[in-house]
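If you read the protein sequences in the order shown, they are chains A and B.
Residue numbers for the first sequence follow the UniProt record's numbering, so the first one is 1 and each next one is one higher.
Residue numbers for the second sequence follow the UniProt record's numbering, so the first one is 1 and each next one is one higher.
Source of the hints: derived by calculation from the structure; they are not laboratory data.
Hints are not guaranteed to be accurate.
For chains that are exact copies, the list does not tell them apart, and a pair is met inside one copy or across any two.
[What the hints assert, rightly or not] Calculated cross-link-like contacts (lysine-lysine; reagent style DSSO-like; alpha-carbon spacing at most 30 Å):
#	residue 1	residue 2
1	98	172
2	229	98
3	229	337
4	337	133
Protein chains: 2
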Amino acid sequence: MLSCTGYAARSASDPLAPFSFERRDTGPDDVRIEILYCGVCHSDIHQARNEWGNTLYPCVPGHEIVGRVSEVGTNVSRFRQGDVVGVGCMVDSCRECKSCRDGYEQYCEQGFVGTYNGEDRQGRGITLGGYSKSVVVDQAFVLKVPDGLDLAAVAPLLCAGITTYSPLRHWKVGPGQRVGIVGLGGLGHMGVKFARAFGAEVVLFTTSRGKIEDGLRLGAHEVVLSTDKEAMARETGRFDFILDAVSAQHDINSYLALLKRDGTLVQVGAPEDPLPVSVFSLLMKRRNFAGSLIGGIPETQEMLDFCGAHGITADVEMIAMDEIETAYARMLRSDVKYRFVIDMNTLAASA
Amino acid sequence: MLSCTGYAARSASDPLAPFSFERRDTGPDDVRIEILYCGVCHSDIHQARNEWGNTLYPCVPGHEIVGRVSEVGTNVSRFRQGDVVGVGCMVDSCRECKSCRDGYEQYCEQGFVGTYNGEDRQGRGITLGGYSKSVVVDQAFVLKVPDGLDLAAVAPLLCAGITTYSPLRHWKVGPGQRVGIVGLGGLGHMGVKFARAFGAEVVLFTTSRGKIEDGLRLGAHEVVLSTDKEAMARETGRFDFILDAVSAQHDINSYLALLKRDGTLVQVGAPEDPLPVSVFSLLMKRRNFAGSLIGGIPETQEMLDFCGAHGITADVEMIAMDEIETAYARMLRSDVKYRFVIDMNTLAASA
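Please build the complete structure, drawing on both the sequences and the hints.
Right, here's the structure in full:
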């Protein structure tokens, strides 16, 4: 397992050229972070195994990072040594386009720089992520972690948390609304917690009878088995908003039918193939089908502050670094409640 | 050709029982209208030919009706004999559900009663539409036609007009926005006129080189041939709003890609089979894919008043009643600019 920080350099003239490593110094705007915990996101598996066909090896995954500041650059005033901070899916963006100016760096018109497998905007190489001892990140993409939370359980907030918080906030989910969360995994379990914390009436949809009890424990007012056709039929036209966290192919029309007039279903899972959408279902109730991608830096900070104020974290299972392959295998069987987090103390100092 | 008004009765116990006709008297809340003009909508063809499998014969199509009031019921105060009025796609709804109370009768939770082939809520039979000498309609579903407009060219406003006006208003299309209209037919040509009148920068997308000149004449600032891949690529991410008026199967993802962050594509045409939607395209810019169905009674009146104030009507080709089959055949070849309207004077008094 790699423990380098900074970038894997590649030849600018040939993207397939062999990599060499360079360490990155702490520049004037940089924050050096000794990593305490790193969450394990499903994308890590895709990227590590090149399932999206764009992995640049060597690849160090990990974009749910919590750590302690060990060094700051000369321009850095918001952070100081010893602060507990977080880093999510992004470490840079153009910072000039409308989306960046609006605080939606995830929709940067030039594309954000991913925390790993991302191409550095200064040509220093390919970014390496959080399965590592330390990382150096521009202060603009570093988040403050509020006091009083279990830091291991904070790590997944940086991706799974913000990915569900952002759409629930954007579409103004709150009291008086009936809100559905589809799928109880890393994303879905955070969706249930946030929707409940925002005051909505929360209904979890799951295919697993074994998840009913847990859904209720996590905050759902009701759990509906999506395989139960009668139960699904009873929910027709009853929802203001549905957050769909399922990445596998699934029948989206059976969920669109549950929306009221002017209701919105937002997909945060990303099925590989197009989903067939019944236009008739959209027309008959002026329904909306939308997508949402992680969240911007200002709203990620807002989410962390909200979690601090309300005592919200992810439900996690701790693993050692050398258990990562077992963790990947269990994730592929949906056998995790609800996010693996790597204790970075388990990464050997010599690795 | 039929010229009866009111309802075709059917046996309540057997929906397939043979029909008998009854004429409807002008009830206390009713308005009797001598029909001057009736627009020919594509749905008329589907319904006349039972292509949706739900036609109840005998069927009298027509839901773009303009006529003159000949009699009013004792409770009717808003209309009087001689008034020029319109009737669109609906002649009744439950009037009690939230959608009805909100003025969105088209989304009535019990289903609105169509102007033809609709089942009367009082059990009087099946509604018969506007290819007729006269029609009797509850005052709540009768619209006032403003002065100063060509009445034949007003008729298509009652369906094609409101179907495009409603979503453009609902999604607040206006100055400073770049708006796409997909398809130049009965709906699309009204979409171009309204979007232009609302102050947007209007781009028409068409597959027909022959429609470029007309698109510009109707109000589009630009016309893009959707078959021109380079032209389409240049429009990527440039649109605030797109109104898609195409009912045939088509590649919706090529239009979703044209939306800016938070942009919305609204389908008003209703392709029969589900449209495959790339979730990735929705996610990457928080794009919305929605549908919209005609419009409510209050907004239909607002639309007619807007048309009166701005001199907006449909572009029409007049036909006589006995030319309807030729008109249907031409519509199926998209050979009409842009709506056929039947002059009801051509319907023989004896028919």
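Consistency of the hints with the structure:
1. Taking the closest pair of Cα atoms, residue 98 and residue 172 come within 30 Å of each other both inside a single copy (22 Å) and across two copies (20 Å).
2. Taking the shortest alpha-carbon separations for residue 229 and residue 98, only the inter-copy value of 26 Å comes in at or below 30 Å, while the best intra-copy value is 44 Å.
3. For the homomeric pair residue 229 and residue 337, the shortest alpha-carbon distance inside one copy (27 Å) is at most 30 Å, but the shortest distance between copies (47 Å) is not.
4. Taking identical chains as interchangeable, the C-alpha atoms of residue 337 and residue 133 lie at most 30 Å apart only when both belong to the same chain, with a minimum of 25 Å there against 69 Å between chains.
Consistency note: the structure conflicts with none of the earlier hints.
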